[in-house]
Amino acid sequence: MTPTLRTERLLLEPYIPEDEEDFVALFQDTRVSQWMGDGPASEAADRALFGRIFTKVYAQELFDVWAVRREGLLVGHAEIKPTDVVGGHEIIYALAPVAWGSGLGTEVAEAIVAHGFDTLGLTEVYATVAALNKASLTLLDGIGFEHVRDLTEDDGSTTRVLARHLTARDKSPLAR
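Mapping of the sequence shown onto this note's numbering: position 63 corresponds to residue 64, and the numbering continues sequentially without gaps.
Hints were generated in silico from the structure; no laboratory data involved. Cβ atoms here follow ideal geometry from the backbone N, Cα and C, with glycine treated the same way. Worth double-checking, as some hints may not be accurate.
Claimed, not checked - Label-pair ranges, simulated between beta-carbon atoms:
#, residue 1, residue 2, range
1, Asp-119, Glu-44, 16 to 24 Å
2, Ala-132, Thr-31, 14 to 22 Å
3, Lys-82, Thr-153, 38 to 46 Å
4, Arg-150, Asp-39, 30 to 38 Å
5, Phe-55, Gly-122, 36 to 44 Å
6, Leu-133, Val-99, 16 to 24 Å
7, Gly-145, Ala-49, 34 to 42 Å
8, Arg-170, Gly-104, 16 to 24 Å
9, Arg-10, Arg-170, 29 to 37 Å
10, Gly-122, Leu-12, 35 to 43 Å
11, Glu-21, Thr-153, 16 to 24 Å
12, Asp-151, Ile-17, 21 to 29 Å
13, Ser-43, Ser-103, 15 to 23 Å
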């Protein structure tokens, strides 16, 4: 079962059915969805994705998926899941533009990484980021992710595969 995580300013908790409209609004915002998966999807596809979080991901306990809230409002999405693309667990996060530029992305990413190391017992976590997504690449570099390799997508674009390895600092709760 997906646990609730807390950061200084955020609450990451499992979605509830009442989050559907905010989830769809987040994923329908092309400033956000251009960097996610295969890019923007139809509203119907995003609603179906939201439904699968409950009927598949949570029901089968496949991996952890969170609604990211600040002061009670849904401001983002986060997950950590095994993926064949990287041969390990990948972190995924997205924030609404209203939450950009205030360090919340770093809080989300650090919380997911810590969950991977502390709760899931991982020794490394990955992220895949479009080469043109400079904000995410800068954020991940700032929290210790390193470039592993590049993937060429079907459309010719490049996706960067990044990894962060468990260090002695990560093992000490006092060092965080």
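Okay, the hints, checked on the actual structure:
1. Distance hint check: the CB atoms of Asp-119 and Glu-44 are about 37 Å apart, inconsistent with the given range 16 to 24 Å.
2. A C-beta distance of roughly 19 Å is found between Ala-132 and Thr-31, which places it inside the suggested range of 14 to 22 Å.
3. As the Cβ distance of Lys-82 to Thr-153 is approximately 23 Å, the hint placing it in 38 to 46 Å is violated.
4. With their beta carbons about 20 Å apart, Arg-150 and Asp-39 fall outside the hinted range of 30 to 38 Å.
5. Against the hinted window of 36 to 44 Å, the Cβ-Cβ separation of Phe-55 and Gly-122 comes to about 26 Å, which falls outside the hint.
6. At about 22 Å, the CB distance of Leu-133 to Val-99 agrees with the hint of 16 to 24 Å.
7. Hint check: Gly-145 to Ala-49, Cβ distance near 35 Å, so the stated range 34 to 42 Å holds.
8. As the Cβ distance of Arg-170 to Gly-104 is approximately 19 Å, the hint placing it in 16 to 24 Å holds.
9. Hint check: Arg-10 to Arg-170, Cβ distance near 22 Å, so the stated range 29 to 37 Å is violated.
10. About 24 Å separates the C-beta atoms of Gly-122 and Leu-12, a value inconsistent with the hinted range of 35 to 43 Å.
11. Roughly 35 Å separates the CB atoms of Glu-21 and Thr-153, a value that falls outside the hinted 16 to 24 Å.
12. Distance hint check for Asp-151 and Ile-17: the Cβ-Cβ separation is about 38 Å, which falls outside the suggested range of 21 to 29 Å.
13. Checking the proposed 15 to 23 Å range against Ser-43 and Ser-103 shows it is violated: the Cβ atoms sit about 30 Å from each other.
Of the numbered hints stated above, those contradicted by the structure are hints 1, 3, 4, 5, 9, 10, 11, 12 and 13, listed in ascending order.
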